[in-house]
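Each chain, letter by letter, is given below.
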Amino acid sequence: MADRHQLLTEQIPHLRRYARVLHAGRMADADDLVQDTLERAVNKWGLWRGVGSVRPWLFSIMHNLFVDHCAVRNAQATESLDELPDAAHPAQAATQELHLEALELLAALQRLTVPLREVLLLVAVEGLSYTEAAKALGVPTGTVMSRLSRARSQLWQLTNGEGAQRPALRIIDGQRSVG
Amino acid sequence: MNPQRPDRDTLMAYADGQLDAARSAEVERYLEYEARLALNGDVPPHGARSSVSAEIAALQAQNLALREALAPMLDEPVPARLLQPLAPPARPWVRAAAVALWIGVGAAAGSLATREALQQNSPVVTTQNESEGMQHFVRQAELAYAVYTPDARRPVEVREGSDLTTWLSRRLQRPIVAPDTLPGGLVLMGGRLLPGMPGKPAAQLMYQDAQGHRVTVYLRGMAKPTAEISFRIVPGKPASTFYWVDRQWGYALTGDLPRAQLLDAARVLYQRYTADDPSALPGSTAAPQA
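Order-wise, the sequence lines are chains A and B. The first sequence: position 65 = 65 (this note's numbering), numbered continuously. The second sequence: position 41 = 220 (this note's numbering), numbered continuously.
It is worth saying that the hints were derived from the structure and are not from the lab. Where hints are given, some of them may not hold.
[Stated by the list, open to error] For lysine-lysine, the following DSBU-like pairs were computed, each having C-alpha atoms within a straight-line distance of at most 35 Å: (1) Lys135/A / Lys44/A; (2) Lys416/B / Lys403/B; (3) Lys416/B / Lys44/A; (4) Lys379/B / Lys416/B; (5) Lys379/B / Lys403/B; (6) Lys379/B / Lys44/A.
[Stated by the list, open to error] Pair by pair, the computed Cβ-Cβ distance ranges are: (7) Gly220/B / Thr159/A: 31 to 37 Å; (8) Ala217/B / Arg111/A: 18 to 24 Å; (9) Leu253/B / Trp48/A: 20 to 26 Å; (10) Ser53/A / Val356/B: 38 to 44 Å; (11) Leu103/A / Arg451/B: 42 to 48 Å.
[Said to hold, decoys possible] Only part of the chain A face toward chain B is listed, based on derived beta-carbon distances under 10 Å: (12) Arg4; (13) Thr9; (14) Glu10; (15) Ala41; (16) Asn64; (17) Asp68; (18) Ala71; (19) Glu104; (20) Leu109; (21) Val125; (22) Gly127; (23) Ser129; (24) Met145.
Small disclaimer: the values here were computed from a predicted structure and weren't measured. Heads up, the beta-carbon is just placed ideally off N, CA and C, and yes, glycines get one too.
Pulled out of the complex, with its shape left as it was, chain B reads as follows:
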């Protein structure tokens, strides 16, 4: 007895992979029967209708076309505002930990070449507002790290090269330097532009070492006048963030690496950014420098 032609719903479910094994087998029995007929040159049982195999192929081709047309949307960078709801609402422990660690880092900072410079013109002042602004800044840096470093296909928007720094410098309206390497075998991959604060876009640079560990540098202009801050650390799991503020610009270095190594990298960045004087800031009106 010849198998029954599957109805339209069954074909669709088959094309979508929704049938259980038994019902899939029924469809396949019919497909074999149809193929045998075609091979023998017999009149197909469907008359003028298209063959079952053609219908299934058309359905699957349409699925595939839709998937391909919509696939590029998945690669688009996620705006930072969408990550806000995911951040833990308030993390008093972060501030406490930061303060506690500051003591330890302060001791470590004693070895920094930058120590004097920092001490001379930037006493560490932590007002309530500044602290909140800094928390927000650090959170943005952490989120940008968390979102983009795991990305296998498109971790950076623009690969390293002169285009990268030219573009970021133009968009942030200040010289952006991106050292090719940082201590610990970290090599520059590239970077991207991110929403920061209104009128103050942020830049992210990404580095990778030979073991595939990725480290990000996040920087933007601070929204409000902010006292300068020397190196601080926010320990995290797994990635920790070093941050500092220099001449109204916030810098954060985030990575899942030993603290000493992060500190070395942070030091090099600090030096590079101090050497490149960004005094020609467009928004420098907000900077009552003492």
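If we strip away everything but chain A, and leave its shape as in the complex, we get:
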């Protein structure tokens, strides 16, 4: 029990980051997704074979939940934001410390489609192998590679190409007022 608790707790920052990239910076949605992922992981703990890192398995749970969530959302297009009042979140402060280049890169990342964002996150940032990423996303390894290749050249164009723009970065959900 203690092991499971510790293993999962350690992964929360990584899950939050993945969720936030999936949800294009909408913090409340992202944390809802993390919460659902953790709940499912606890319930389905027996399915994790304890082989290798638990992180790819958690990412696959999160990916599937996100896909389901998007399907439901497209179907009903309603949204409920019943969240607990958070303390002032330091995400803003954290991003302010980033260099402009990093901000541009994050903004460009959010302009990619979700499947492209996912492979970049899993492979380039989280360091999953192509095989692990393929398993987490439920696609063939070849698909992971072709998406990666596309993601990279699009990202490259967005940050270096002539069409490079600077859309406002949505790390903080604009709907949430502070104070």
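Dock chain B against the given chain A, drawing on the hints supplied.
Below, chain B without anything else, positioned relative to chain A:
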């Protein structure tokens, strides 16, 4: 025979460290060949295309830039609600153990200077609701301990100093005192603000001794009117929690230290917080004090 230029997928896999030794070696053979050509001033075999080494460098630079841009997110504090699913759902043994231990602690509390004060105005009443509220409170304290004490890089949000107490006092809307030291060589590191209950944020203070053991103090206003409670202990593995409620405020001291030492520390905190009268509470309407 000159080596074949690796295709794009191979380069990408090489940059991502995904190739096995044999295929990595092939790429490296080509890189050596390319470097030799450049050294001799020969026309590169790729014509107008960029060199393989440049392509690999660009891919790796992009990976690195992404990792760096996204790294700060890992250091953000985890909201307490995300830790809820990880807590064991119901732990009847905790209550049983707490009750069982209360007897032992009660005896130990006999040595406390606070004993009379506690006995005079706070008979120990444990109603069902209060007990559940207290369980939740203790669990929050335990989780906050479990999450933040192992953090090597950023265990506290704000380091010790007058900024810390000023800030926490403002956010919790009551005087927050943070003694510089607690018995057992515990030295204040700093603290952080945490989500507690709606409208009642929580504060965590962290202390560390010379051996690196960390102890946390967790306090917040209780959500519901709560009878005052003198020292109780919830033993845990490895950390135990002492908690008490005084004038609608819950306090918890969590640490992996001998019980006697935790009790000493708890006693000092109790005294400090009793001395600083928080009677000017904003939410004191919920306090039907007997």
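Violated constraints from the hint list, given by number and in increasing order | 8, 16, 17, 18
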